[in-house]
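Engineer: Chain residues, written in single-letter form:
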Amino acid sequence: MSGEGLRSIVRQLPSEVMVRIDRHEIEGRDLRLVIRPDGLVPLAGHLRKELGARLVTLHATDDRALEGCFKLHLVMAPQGMDALVSATAPLGLGEWRYESLTPTINDADWYEREIQDMFGLVAIGHPDPRPLVLHEDWPEGKYPLRKDFLTGERPPRVKGEYHFTKVEGEGVYEIPVGPVHAGVIEPGHFRFSVAGEPIINLEVRLGYVHRGVEKLSESTPYPKGVHLAERISGDNSVAHSTAYCQAVEALASCQVPERAEHIRVVMLELERLYNLFGDIAGIALDTALSVAAACGYLLREKAMNLNECLTGSRLLRSVNVLGGVRKDLTPNDREKVLATMVKLKLEFDDLVTLMLSSPSMMDRVETTGRLTREMAVDLNVVGPAARASGVDRDVRRDHPYAAYGNLNFLVPTQSGGDVAARMRVKMDEVRESFSLIDQALDGMPAGPVRAKLGSVPQGHAACSLVESPRGEIVHWIMAGRGAPARHKVRDASFCNWLAMEQAVLGNIVPDFPLINKSFNLSYAGNDL
Amino acid sequence: MFKFLKLGVLKKGVQTRDYPRERAPAFDAFLGLPMVDMERCDRCAACVSACPVQAITMLPAEIEISAERCIFCAACVEACPGAMTMGKEFELASLSRDGLKVVYRRG
Amino acid sequence: MILELVQFLLILAIAPLVTGVIRKAKALMQSRRGPSVLQPYRDLGKLLSKGSVVSNDASWLFTITPYVCIAAVTVAALLVPVMYAGTFGFLGDLIVLIYLLAMMRFFMALAALDTGSAFGGMGSSREMYISSIVEPTMLLSIFAMALVAGTTSLASISQNIASSGLDLVSPALFLAAAAFFIATLAENARLPFDNPSTHLELTMIHEAMLLEYSGKQLALMEMASMTKLVIFLAILSNVFFPWGIATGAEPLAVLVGALLFLAKITLLALVIAMIESSISKMRLFRLPNLLTVAFMLALLAVVSYYILGVA
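Protein chains in written order, with this note's numbering: chain D, 1 to 528; chain X, 529 to 635; chain Y, 636 to 946.
Take the hints with a grain of salt, since some may be wrong.
[Unchecked claim] Quick list of in silico lysine to any residue cross-link-like pairs, SDA-like style, CA-CA up to 20 angstroms: (1) K534/X <-> E347/D; (2) K224/D <-> M614/X; (3) K224/D <-> G454/D; (4) K539/X <-> V352/D; (5) K345/D <-> K539/X.
Simulated from the structure, these hints should not be mistaken for laboratory data.
Treat the numbers as computed from the prediction; the structure is a model and nothing was measured.
Given the sequences, and given the hints that come with them, work out the whole structure.
Structural biologist: Pasting the structure below:
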């Protein structure tokens, strides 16, 4: 069905795009185009306007050794279809500039800045060409993801300065917060421009936890890459490793057994549960509603104890292997999960009652940190933050993977866009996760839990999308010899940080930690 | 009005334990530091090549596992033909770097 | 003389214990064991043994503020009746008490601005914003008691009300007590005004002013805050509801007074813990609403005294 939809997309492409397309092919749910660089902007504009397509990823590869040029890859997902449109644009020989997509599709902003930092390819017409990932002590001319930059090379540090957006006016001053915070959280720098207490502008500066995951991946054989993927964002281990495994399995054309897919669903939902419990408890903690926060963290602890009981790891590490899962679920495990779910459901109801019936807390969370629907769509916000602003997107329903195609669940949305809406969406998602775990355990077929991977042919690319507790994550792998030639990771937080900069405007400074916690973004997932 | 008490401590009681005075045993499936049964080890070194972080070293008569480098992923246990299991040790802190290296020898 | 000295030392000695009791009660309400009630003593001891780090931009004001604060609080403790309705009252009356505490707040706010850190500045501005309504509230509510008892010396108020049985009980007493209780929560950085156990530097009010202190100076500042809380609770229990306090120096009466004082303080600490566990922190710009309610209660207390006739 999606094949017909993709063919009609190709037929409806405007002539200015068609004339620049060198090759196109449809394989399964993927439409692959090879296009000339000047066709990228019209293509992106057409897909966005006519099909409501959202940007999945925009990145570059260094193919100078094989074909003598850099290549840009653009992947977009048309609305309402389980399909991906991937366009590859080889830049000319020796060419390192291209026309920026940001004026046409605003959410390409940070992707192009990252390409500039990592590859040195300049986007002409980009509104904000400051470095994103690399900080001001990184020397000019050294681009980490190019093939001639060796892993482990240490360039000398230089002196530099990063210019924050300045706001001028009477009584306006800047508050720099971080990267060392008063609490034990991840490092990130927030530059507020305030007039008294109301925030006029916020600029987020990240990149402090950049570990070079994408570069490391290029020298990590596929089986060990699973461990690397798990540690991209520590509390989304299963989501990232599932996405990585699915991409490599797609490249090797390996069919994962059905039982393993059901186990993957159970593990993904268990991860979603403990993350959501932590998020909801965190919102209570930041408004100083201590009993509800203690109740929430207790739920999280019980969920993590269940994780440890099933897999040996509280954060569900070492669950996925290439071709399936590492450990099977015994009938004993199944009983334990069902019994724990019953207990957690009752305690969760108590938590929801405690929080929603506290007038002082509801006063804090309502109308705080509002993100409008237009902003959410423009910036391609993903996950519960998007669903709380009325954007109805969920990868589990729109691009089913693992065993989600066989399961029934609702995608909860709210329209308020404020902290209360995000909190309610998360509460509803917890209930959906309970139901999904029950369904997955019920419908689990017997059989093996691991299939042999086989060989991974070089030169092909695969893209895998998974809904992590924070939103949609993307792993795009171009296969090399035994290890990926290019591994592009896009965590959900990469899309949502810009949205947080918009959501805080008009709120007062003491409300910022609450808004930050309601988004609950990962600094490490963003920085890679 | 007293919901925070009725749904809180009056319903659940005190839920914490006095660790470290009261022990906290790990579950059966727990992934702690790998243990080697030297009687059954045939020095095939499959574990050394399977380890993603090079935490295992084959010494002339011993096997050394570094708790500093180990990421508790169980890849070595998967690769081993039957001499390794994941232990239950999680209290691995030490006052010196050398204290983080665990050595297994025969006998 | 000895008795006044003993009760002054009692205030200083039990100050960390009261904070420990509040923390323990809050922990139990959160279904966890919590630290022992003697933990604040150990914390202070640990801080006293550490060295301090001072910002290069700080001036002499930063260094003398901890000593000014502890001195102000200690002198204020001399003026509060504990188990005997007599204090070193010749040093000052309730006006002096309020302004000693105001001096402490003034120096703390200045010291927070002194280091040039943004959080200190925010803490100072918020503290001044709250105290602009809290100070008149405190003054008015104690003043209502002074009107009822006919004197402004705290010990004499205590003595007059305690020894006259139920004659001096009037609505003014309860209204003023309610106003003073809300002022206690505001002055001592308790919920709903401020979260004393927060780690979020952007929301702190009282903690933000202490953020730059470390080592011995931090120990002095923490002790000053704890003693301030006990002074407020002592005023609430011994000036507003002083029945049971010893009006003479007989050992039995003093013992009864001491035990009743400890019981009242514990009850008030538990009430504070319960209030803190049941509500969340209010939005900054809604705090004046609550404070104005307190101010109106205090005003009503004074007005009701005059309307209901001078007894």
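Engineer: Decide, hint by hint, whether the structure agrees.
Structural biologist: Comparing the hints with the structure gives:
1. K534/X <-> E347/D: holds (13 angstroms)
2. K224/D <-> M614/X: Within the cut-off at roughly 18 angstroms; holds.
3. K224/D <-> G454/D: holds (15 angstroms)
4. K539/X <-> V352/D: At roughly 15 angstroms apart (the allowed maximum being 20 angstroms), V352/D and K539/X satisfy the hint.
5. K345/D <-> K539/X: holds (15 angstroms)
When held up to the earlier numbered hints, the structure conflicts with none and fits them all.
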